[in-house]
Amino acid sequence: MEGSKHRSLLTPREREIFNLLVEDQTTKDIAGRLGISEKTVRNHISNTIQKLGVSGRAQAIVELLRLGELQL
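Following the UniProt record's numbering, the numbering of the sequence shown begins with 1 at its first residue and continues without gaps.
Don't take each hint at face value.
As the list claims (entries may be wrong) - Listed next, the in silico DSS-like pairs over lysine-lysine satisfying Cα-Cα at most 30 Å (straight line):
1) K39 with K28
2) K39 with K51
3) K28 with K51
These are calculated hints, taken from the structure and not from any lab test.
All chains, full assembly: derive it from the sequences and hints.
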């Protein structure tokens with residue numbers, strides 16, 4: 001492992017999207033801001049939910065906070 005930083009569960013794009021979700025941005029806002037489609041935003045969210053084994057966005061955010069992957 002390099003340095004003391006653990007390997008993130010999230011890709012840089014997933015992290016970007018979840019940071020925006022925490023800021024209360026909508027899927028549409030996020031898509032516009034990142035220049036990608038809403039479907040792509042939803043796919044990233046869905047992939048993250050599957051990786052974490054949770055059942056929705058809110059649970060994913062709680063789990064990512066618990067794991068130290070996101071900060072409020």
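Hint by hint, here is what the structure shows:
Straight-line distance between C-alpha atoms of K39 and K28 comes to about 9 Å, which keeps the hinted pair within the 30 Å bound. Among the hinted pairs, K39 with K51 is consistent with the structure: their alpha-carbon atoms are about 18 Å apart, no more than 30 Å. For the proposed pair K28 and K51, the alpha carbon gap of about 23 Å is at most 30 Å, so the pair holds.
Of the hints listed earlier, there is not a single one the structure fails to meet.
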